[in-house]
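Protein chains in written order, with my numbering: chain A, 1 to 293; chain B, 1 to 283.
Hint data in this document are derived by calculation from the structure and do not stem from the laboratory. Hints should not be assumed to be uniformly reliable.
[Claimed, not checked] Cut-off 25 angstroms, straight-line C-alpha distance, at most; resulting in silico cross-link-like pairs (SDA-like, lysine to any residue):
(1) A:LYS98 - B:LEU267
(2) A:LYS98 - B:ALA12
(3) A:LYS98 - A:GLY198
(4) A:LYS7 - B:ILE189
(5) A:LYS7 - B:ALA181
(6) A:LYS98 - A:ASN195
(7) A:LYS98 - A:GLU185
(8) A:LYS98 - B:PHE266
(9) A:LYS7 - A:ALA19
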Amino acid sequence: MLRNRRKLLHRATPALLLAPGLLLFLVVIVFSALRTFWISLHVWDGFGDMAWAGLANYVELWGDPQFWVSLRNNVIWLVVFLLAPPLGLAIALLVNQKIRSMRLAKSLFFMPLVLSTVTVGVIFVWFYDPTYGLLALIFDAFGGTAPAVLSSDTWVTLAVVFAALWPQVAFCMVLFLAGLNNLDEEIIGAGRVDNARGWQMLRHVVLPQLRQVAFIAVAISMIGALRSFDIIAVMTSGGPFGSSTNLAYQMYEESLFSYRFGYGAALATVLFAIMMVFIVWYLIRLLRDERGA
Amino acid sequence: MYPRQIPESRPASRLLYATGVWAVLLLWLMPVFAIILTAFRTFEDVMAGNYWGWPTEINFWGNLTAVFTQTDMLDYFVNSLIITIPSTVLVLVLSTMTGYVLSRHRFPGATLLFSVFIAGNFLPQQVFMIPVRDLMVSLGLYDTFGALIIFHVAFQTGFATLFMRNFIAALPHELFQAARAEGASPWQILIQIVVPLVRPALAALAILLFTFIWNDYFWAIVLTQTDAVKPVTAGLANLRGEWVSSWNVVSAATLFVAIPPVVMFFLMQRHFVAGLTMGAVKG
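Next up, chain A with everything else stripped away, as it sits in the complex (with noise of 0.2 angstroms):
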């Protein structure tokens, strides 16, 4: 008797120790994920009750050029952060040398990464300073005058991109730096006896061993394009005139500022929908890494 409780309660133990994790994650993150959906198939202000309004949100998604806006900006946030992933390795390279002062270095080009993104948002308005900033200085030096690129629709998402940049260029270096440590030596011996040099040696022996971590930093920063909020709110607002929102930042602004909490989970899920692809990509080569190894 006293035997079958206490086996009982052997293989209930792992239950118990999954549950309270696993429901505080599928109430708060899963189920919310799920009622965004339901949310934008209504009108809503955040208090009373909601009406259904069937696909009326995306209908008038399609017709908000505001929407277009967000999105195109999204694209370009894909884009530039694709120089996330080069950029990171190249300074990777820079800096995996034995070489004393090479420790410190590297951990002061990590920096970036770990101040807050307000913290860099803040730098980098007062490095675009049009008067003042460094943007302006470097201007004045080859006898130009600074455009004033956060107040400007054409410049200001690419601005904000850039300054976005400069953590994402350290988190792939990161991992482009362990990446290095874990090359096979020998595979690189052999390359050196068969004289490959410079970018051929990069090209046919180096990058293919680093595929499975580059794949990882062009995931990531994709994922990290996509959900970029924080910098914008803290250098722009969306701003001038809505030219620097993204989807993320514009579902925001409707829901908590024009209380449509309906369109903005539309929004929502929209970017959902977006980011899906880019998750489903890497969950599937991930557990097939997993199970070939």
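Model the placement of chain B on the given structure of chain A, informed by the hints.
Same frame as chain A, but now just chain B:
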């Protein structure tokens, strides 16, 4: 190693190389230096447009005093600690349990659960913003520390589970077999075998979590309203609005916000890097 190492027999080349790298680094960290230098400036200096040169007069203590006495940054700082520390500890506890089960027990749906943890963790925060806010309002937690703590714990548990699962899965199989052969219960295995062995992973994870949660801005502005519960990131963003042209004070405040994660990073650098790469490279 790749790239080819500069041999030790050529100290001059090594020195030259290192100098080059440090020059690049100087450019890379230019924005940080600018903030640090400006935290040392006087207001007059800032008004005169001396943003990037050497401060004409050192006023670091003056600026810092202004941050402490004329702004609420100190209160926000304490708020951030109140939010970040319990959240980090709770996530460590929960994820050790979930990670252990997911790595050591096979059951139907384990892969699915694992995928859900990863996918949920990668979703943009805006995807669950409205329901989470609504949930906190109906629980009466909106605009309290509790709302932020619960959210951070729930969200970070996804990433942390992935992290702990990978680490525990890499522990030698024989340990678990031996323990089971001796009749240890799953609970005993967790406490007596897993916990002592995962300490380095917990250290790495703790730093990452601390940094993530400390640096959060989005949930701070979505789930709180009053200054009494706002963390430093939201405080800094407000401060910028109020002290528009006093860049010297804003810079000092910015440094103040960055101190805990930066200090933690430098103290436990190896853990931090190991954590990031373990979380990402293996998973």
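Hints versus structure:
Between LYS98 of chain A and LEU267 of chain B the CA atoms are separated by roughly 22 angstroms; this keeps the pair inside 25 angstroms, and the hint holds. This hinted pair checks out: LYS98 of chain A and ALA12 of chain B have alpha carbons roughly 15 angstroms apart, not beyond 25 angstroms. Distance check on the hinted pair: LYS98 of chain A and GLY198 of chain A sit about 19 angstroms apart at the alpha-carbon level, within 25 angstroms; holds. Restraint check for LYS7 of chain A and ILE189 of chain B: the C-alpha separation of about 15 angstroms stays at or below 25 angstroms, so the hint holds.
The suggested pairing of LYS7 of chain A with ALA181 of chain B holds, with an alpha-carbon distance near 14 angstroms, which does not exceed 25 angstroms. A threshold of 25 angstroms between alpha carbons decides the hint, and for LYS98 of chain A with ASN195 of chain A the separation of about 22 angstroms falls inside it, so the pair holds. At roughly 15 angstroms between alpha-carbon atoms, LYS98 of chain A and GLU185 of chain A fall within 25 angstroms of each other, so this suggested pair holds. At most 25 angstroms may separate the alpha-carbon atoms for a hinted pair to count; LYS98 of chain A and PHE266 of chain B meet this at roughly 20 angstroms.
About 19 angstroms separates the Cα atoms of LYS7 of chain A and ALA19 of chain A, which keeps this hinted pair within 25 angstroms; it holds.
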